[in-house]
Amino acid sequence: MAGSPPGADEASGRPVGDDAAVLARIAKRDEAAFRQAIDDHARLLHRIAYRMTGDAHEAEDIAQEAILRLWDHAPRLAAGPKPVRIGAWLTRVATNLAIDRLRLSKRMSNSEVPESADAEPLADAQMESEQTHDAARALIGALPERQRAAIVLTYYEELPNAEAAGAMDMNIKAFESLLHRARAALRVAFEHKEAAR
Amino acid sequence: MSGERFDFDPALKKALGENTVPDLPEGFADRVVAATEGRAPPLPQQRTASSRWRTSRRLAIGLVSAGALASAAAATGVLEELGVDLPSPQEVWSSITGAQPAPAPSPSPPASTAPEPVPDARAPVVIEGPIDTPEELEEAFRRVDQRREERVDTRRSRVDQRIGERIDARRAQGLPAPTQEQEERLSDRLDTVRENADARRAARIEERREALREDVEAGGEITRENFIEADRTRLRNLSPEQRRDRLRQWRERRQERLRRLESEGANASGSDPLRKEDDANPPSNDPNGSSQDPQ
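Chains as they are written, first to last, in the working numbering: chain A, 1373 to 1569; chain B, 143 to 437.
The hints are simulated quantities; they were obtained by calculation from the structure and are not laboratory data. Do not rely on the hints blindly, as some may be mistaken.
Short, incomplete list of chain B residues facing chain A, as computed with Cβ under 7 Å [claimed, not checked]:
1. F148
2. V174
3. A176
4. T178
Backbone N, C-alpha and C fix where the C-beta goes; we use that ideal spot for every residue, glycine too.
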C-alpha cells in the first residue's frame, strides 16, 4: 500500500479513475462492481476494525457496515463534483465506526482504558494482557481510541500521515501531534510491561 | 506493516507484530450483498445553514414565486385559457342597450364555442340611445346582471372542472392527492371565497349604480362614455402593479384582435369601431365591474 503509485487508491492500488467507474456502476446497483469493491477493500476494513476493537465479530460487523454504507451513498458519491477514492472513503467510515463502538462499549461497560495515557497505563495494559493472553493486543488496547486508530492506520496499514489524518477527519498537524502522543504512550506501555515481567 | 517511520525498539516492533488478524469468514461478500436487499435509503445530508435563515429564504422565494406566477397568469391569460371571454366595452354596452355588437370575433377559441349571451328579446323596455329613464337604467342593470351571471357560472364551472381534472391526474400518476374529505373542505373554502368576492362586488356595484340612478333621476343621460369614465376612475385607484397588468392584458387582447381582423381581411386602417374604442380605453372592462373580478 505504501508502494502504490501516485494517484492510485491506497487500498486496491487501482487508479482513481477506475474507482470512479466502479462507483458509477455501484450507483447503478451493479452487483458485480459491488462485489469487486468488497474483494478490494473488505480485508483492509476488517484489519483496521479488528486491531482497533480486538473483537473478531465486531470487526466483521464494522467492515460490513462500512461497505453497506458505500452501497447506500454510491449514487451521491458518484454524482459528486470531486472524484472519490473508494479505499480512502471506506477507511474513514470504518475508522469512525470503530471509534464510535469503542466509545459506546466504554460507556456501557466502563471497563476501558482511560482516555489519555496516564501514569498507570501499564496496570490496565497488564490486566488486558493477562486476561487475553495477547500482549500485542494489550499494548494497542491500552491506548485511547483515537491514538489507537492513529497507530493502526500508520503503523499497521502504513498510510501516509496525510491519508490517516483524512481518515480521522483531522488536519495534518493535529494528527501528527496525536500520533506523537500515541507512539510515546505505546513505548511507555511496552516499557512497563517489560519491567513487570 | 513496516516500522521505518517508527523508531520503536525491536522488541516493541516484535510485540506489535504479534497482533495478527484472523481472516474474514467465508461468505462475507455474499452476506454483505444479501444485506443490501431491502436496505433503507440513507438519510439526506445534514444541512449547514441555520433553519431560521432557510425558513426566511423559503418564504421569500415563495412570495416572489407567487407574485411571478400571478403576473404570469395574468400575462398569459389564464382566464382565456379557461375559455372565459373578457368583453370589450363595446360588447358590454351592446349587451346593455341591446344593440348589435360590432362584428368582432371573440379573443379566444374556447370562448367562441361558448353560447353568446343575447339580449332578452322579451324585455319590455327598449333602450334607445343614451339611458335617460329609470326604467331603461334598471333594464340595463338587469341585462348586465344576466350576462354577469352567465359568465360567472361558466367561469366557475370551468375552474371546478379544472381542479377536478388536476386531482384526477395526480391520482393517476400516483402523486399525493387530497382525500374526499380534503376535497370537500377545499370546495367549502372555494365557496366561501366566492361568496366573499360576490359580496364585495355586489357592494361595489350597488354603490356605483346608486350614483347612476341619481344621475338619471336628476335628468342626466348615461352614455357609453359615462360607463367607461366610471371605470377609468376605478382604474386610477389600482396599484401600479395592477395597472401594469391591466395594460399588458389590454395590449395582448388588442394584438390578438388585430391579428384576427387582419387574418379575416378586415379593414385594419382604424375605421373599425372596436379597435378605435379599445385604443381609446385601454384597460377598461365591464363598467359594472363584472368582467375581471376574480372568480
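Hint-by-hint comparison with the structure:
1. At a threshold of 7 Å, the smallest CB-CB gap from F148/B to chain A is about 6 Å, leaving the interface hint in force.
2. Taken as an interface hint, V174/B checks out: its beta carbon lies about 5 Å from the nearest beta carbon of chain A, inside 7 Å.
3. About 10 Å separates the beta-carbon of A176/B from the nearest beta-carbon of chain A, more than 7 Å, and the hint is not met.
4. Interface restraint check for T178/B: the shortest CB-CB distance to chain A comes to about 5 Å, inside 7 Å, so the restraint holds.
Hint 3 alone, counting from the list given before, is not met by this structure.
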